[in-house]
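Engineer: Using the hints, position chain Y against chain X.
Chains as they are written, first to last, in this note's numbering: chain X, 1 to 276; chain Y, 1 to 168.
It is worth saying that the hints were derived from the structure and are not from the lab. Quantities reported herein were computed from a predicted structural model and do not represent experimental measurements.
From the structure, some residues in chain Y lie toward chain X, with a derived Cβ separation under 7 Å:
# : residue
1 : N25
2 : R48
3 : F64
4 : D67
Ideal Cβ positions, reconstructed from N, Cα and C, are used throughout, including at glycine.
Single-letter residue listing:
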Amino acid sequence: MQQLIYFIQKYRYFLFFLLLELIAFQLIINNLSFHNSKFINSASTITGGFYNKTNSISDYFQLDTENKELLNENLILRNKLEKLSQNIDTIAVTKIFEKTKLRQRYLYFKGRIEKNQFRNNYNFLTINLGSKDSVRKEMGVINSKGILGITENVLHNYSRVRSILNKNSKINAKLKNSNYFGTLTWDGFDYNITQLLDIPRQAVLKVGDTIITGGMSSIFPEGIPIGRVDNIVNGASIKRIINIQLFNDMSSLKNIYVVKDFDKQQLMNLEKTDNE
Amino acid sequence: MNKIRVFLWIIIILLLQILVLNNINFSQHINPYLYISFIFLFPLNKNRFIFLLAAFLYGLTLDFFSDTGGIHAASLLFVAFLRLYFIKLFFRKNNIDYLLFNLHSEAFGQVFNYVVTITIIHHFVLFSLDNFSFNNIDIVLLNTLYSTIFTLVLYFLGSYILRKKQLH
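With the rest of the complex left out, here is chain X:
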């Protein structure tokens, strides 16, 4: 017993150091896994509020570019609407719509990025939407140019989004001109380039082809743009990696939308019964 006390006396600083270091390692490991990252993150009221304040100052410098981007998006949406309304007009003559079939599947919430991160290996964004805006875990986050990430930790006022620039991120994506789909990942090097894996060998690919979301999961709607093929490593072998140049400039993001899928619960229940 005396020996033990003497030992603790002698190495008390080292033991204290070891204890704190163990806590730090626990936090690091928790942060790497998807569902455990609860404690240390920038979505808390203090840190989120802090970034909110600093952003309200720096926002003024970007008003011009933001306005242009929103105008562009409006233009695209207006053109789409025009096309759709024409289609509906011509169809309505021959077919009567049932009201239940016109049900909306996706709902968008508008929000703003409080903190953007793209330099690390595991990047996260903080947005100013939380559970009070009925944002939940595992919803898609997009903007006018493409996808940004998936919400993973939702607090009352803010939530943390796992960026597509995160080594753990895996997102279903497909080619626009055919229905071959693969997995979108990131290798941690260049924040404008992500990797598309698992595209079957028979899929014909050219540099410049557009990649869109696949709609296989209930997180992103089908057809949201991601990027274009930049180059293809390993030609037509099974291990080929397709580098995707993102449409978004991930280093300057501001306005975002969060996607809610009304059918998510139904789809999940369906998949559950399949496994039994």
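Structural biologist: Chain Y only, in chain X's frame:
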């Protein structure tokens, strides 16, 4: 009085790190980590519990703001633990000298060795934890090298300018 000034400097450096230095991203990856000067500013004391705990909490605050789990806390704590050994090694100080120890009054050569060693160790631990695997060790080493240079330039420039001011 002196303690309050050190405390204020530590807070200012923390804000500077969060708001400005974390967003520099020189050629995409390289950032200075000036918050390491916490180790050089914090007064020496015979009881090291407070210093270790303060270093841990300081790093943790930074982690809160930059979504990095605990890598800043772990790496800052690591060099905080090693600090005393390096002070003994480079400056040959005993327990009696701790109270009056001041980096400004030491020879520049010794201070340079001390600062460079601690910065390199800290940055290496930081980037290894950020990478968290044995792959890409070359990138870890390159990042360590570039960021160390960046941090050291900022630190020595800053301390030079501030010391000039104090003399007048």
